Structures are given as structure tokens and as C-alpha cells.
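> Single-letter residue listing:
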Amino acid sequence: MSSVEFLNLAGTISFGILSLAFFLTIIRIIIGPSLPDRVIALDLLVYIGISYIAVVVIYTGYFLYLDIASALGLVGFLATVAFARFILHRGKTDEPVKKSDKETNS
Amino acid sequence: MNFALGSIVLALIWAAITASFTLLNLILGWAIAFMALWLIRKNLASPVLFSKARKIVALGALFFYELALSAIRVAFLVLKPNMKAQLKPGFIAFPLTAKSDGEITLLANLITLTPGTLSVDVSKDKKVLYVHALSVTDKEALIKSIADGFESKIIEVFK
Amino acid sequence: MIVTIFQYFAGFLMLLGSAFCLLAAVGILRLPDIYTRMHAASKAGTMGTGLLLTAIAFVAFDGAIILRAIAAFVFLLLTAPVAAHLLARAAFLTGHKPTEMTIINELDIKKLDK
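Protein chains in written order, with this note's numbering: chain B, 1007 to 1112; chain C, -18 to 140; chain X, 13 to 126.
The set of hints was computed from the structure by calculation and includes no laboratory data. A few of these clues could be false.
[What the hints assert, rightly or not] What follows is a list of derived Cβ distance ranges for each label pair:
#1 X:A76 / C:D119: 29 to 35 Å
#2 B:I1036 / X:G75: 39 to 45 Å
#3 X:I14 / B:V1081: 45 to 51 Å
#4 C:D129 / X:I17: 23 to 29 Å
#5 B:F1092 / C:I53: 50 to 56 Å
#6 B:Y1068 / C:K69: 43 to 49 Å
#7 B:I1032 / C:E137: 40 to 46 Å
#8 X:T16 / B:Y1071: 45 to 51 Å
Bear in mind that the values here come from a model prediction, so they are computed numbers and not experimental data. C-beta atoms are modelled at their ideal positions from N, C-alpha and C, and glycine is treated no differently.
Using the sequences and the hints, build the whole thing.
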């Protein structure tokens, strides 16, 4: 097998593996059970998205897409920080401190 | 990092990210870096000494090694069928020797990316760092390994 | 010759990186509570994405692109622990309980600076 064929095969397999990872993460987002759980899963979803773009870059050779990966990382980080602030804020205002996993089905 | 050195480094990073090393682009990058540094001029720390470069590189190498180790360990843990039996999570209070805010921030970030530990919070008086660990079999040994590994190296770099 | 070796190596890195991403997703699904899940997401996830970005650096053969891939990786390494730390802190301060398997809990909510 030549190196280019191997690279293409590795790209195809990586797409498959990443799709599976995407699917598993989405299951966690759906079943929850609490809001922080979902936010962690969303954070991981951003990482998997960046990974997808990285594989696309190698697979197609359009290195321009790398900038999109950097930008996605930035936006994903800001989103997670904003979510953390939101969780902190909401927990302090309208919910008692001792509330466990049942809350967020809303 | 002082003003001149900082703006030159930032200009080079600008040229690298915009992918062109022409003179005009470097000047543009330098102008932007100058403005950015001017905005935060009150918070600029004292000049970094180049003699510390070797220690910083050693810290970086240790960090990458530990990151790889931790990812592999988490991966193996997740794959085990009897995962729940091996899981002994716990919150640990880690007494800090590091004093300044910069040291504590760096230590907390490094702890998060190393095997089995995740920093959660710092106490009000900045003396204790609370760490969540995946498997607490020996608490003292865990605290000792962090204190002797990263913390001593970080203090060396900042001294 | 070196191109061939680098391409084989990049393919290998791609497979390894996506395997780490998958394992992070499995960890998110299997681990029992918020704090342990955070371990899987912040470590295995960062590692997987980092390996894929490194793979780009091996196939690019262009200084600017290699630098950009490394810059993206470094940015990821800087932000991932901060995000995990903020989330863990927010979850703890709002009273999300750790799993019953937790054997030591020295964290006292009164000592923390809200």
C-alpha cells in the first residue's frame, strides 16, 4: 500500500470513528441528567468538531480549513465559560444549594 | 516581559498566523501588538530572564509526558468492563507552597491535564488547592507526587 | 522518501487521535458523575484533538501552516483546563453532588470564595 493510499484509508476510518464518538456524546447530551453534564458533553462535542475539521484538512488538502478549527476552538471555549457562569448564577439565585441530579429536565 | 520584546514577539506571532512574512505585514502586526500591549500596560510583569529558558523547556517536556500518560490511563480505565470497581474518586485538599497568583494558576492548569487529577477550586486564603482525583488509593503519595513534581519545578521557574 | 515516512506517520497519528476522541466519548457515557466525566472530556479529548492537529503539521510541508497547526494546539492546551476547572467549580458551588463511590471529600463549601 502506498503512503497516499494509507493516508486516505486512515482518513476514512477516522471519519467513521469520529462519527461514532459524535453519536455517543449526543446520547449523553440527551440523557443528561443535569445541566453541567450536558455542558461537558457539549464541550467534548466542540473538540470532536475540531477533530473532524483536522481530518477534512488532511483528507482534502485544503489547509485553509485549519483557521476554521482555530476559530471553533475559541468560540467553544467562550461558550463553555459562559455556560459555567450561567450555571453558577442560576444555582445561586433561584435554586436551593442542595439540589441534586433531578432538576434539569426542563 | 517588557514592552519592546513583547511587541516584537507578538508581531512575529501575527506574521505566523496570517501566513505572510512581508515587511508590511510585520509592521501592521507590530502596530497591533503595540496597541494591545498599551491597553494592558499597567499589568505587564517584570522582564522574563532568558537564563530560565532551560527550566521552562524542562517543565514543558514533563507536561507533555504527563498529558500523554494521563490520556492513556483514562482511556484504559474507560475500556475496562469492571470500571466501577476500580473507580475510587475523591476530593483532596492539596496544601500550596506556591504563593503568587501566577504560580497557582499555572499549577492548577497543569494538574488538570495530568494523570487522574482535576483542580476544582482554591480556598479563600490561597493556601489550599482542592483537587478531584479519579482513584485515591494513597492520598499522601498523591499529594507528595504533585508537590515534588510540578510544584517544585514551577517554583524554580518563577523564582 | 521523507514525505512517504511522514505520510505514514500522519495516518497513524490520525487513527490514534480519533481513537482517543472515541474513548473520551465512551468515558463521558460510562463514568458515573460530573467530576469523573470531566476527567475523560478534558484529558482524552484534548489529547485526541491535539494528535489530529499534529498530524496536519506532518503532511503540510509549509512553515506557515505548521506554525498555525501548532498555534491551534497550544491554544487548545491553554483553554481546555480553564474550561474544565470553571465547570467543576460551578457544578460544585451549585451543589451538584459527586457519586456515592466518592471515598474522600475534603472539599468544604464554606471555605470557598464564592
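> All the hints need checking, so say for each whether the structure fits it.
Structure-based check of all given hints:
Taking 29 to 35 Å as the suggested C-beta distance range, the pair X:A76 and C:D119 does not conform, at roughly 48 Å. Checked against the hint of 39 to 45 Å, the pair B:I1036 and X:G75 passes, with Cβ atoms roughly 44 Å apart. The hint said 45 to 51 Å for the Cβ distance between X:I14 and B:V1081, and at roughly 36 Å that hint is violated. Distance hint check: the CB atoms of C:D129 and X:I17 are about 39 Å apart, inconsistent with the given range 23 to 29 Å.
A hinted range of 50 to 56 Å for the beta carbons of B:F1092 and C:I53 is inconsistent with their spacing of about 34 Å. For the hinted restraint 43 to 49 Å between B:Y1068 and C:K69, the CB-CB distance of approximately 47 Å keeps it satisfied. Taking the beta carbon of each, B:I1032 and C:E137 are about 45 Å apart, inside 40 to 46 Å as hinted. Between X:T16 and B:Y1071 the beta carbon distance is about 24 Å. The supplied range of 45 to 51 Å is therefore violated.
Of the numbered hints listed earlier, those contradicted by the structure are 1, 3, 4, 5, 8.
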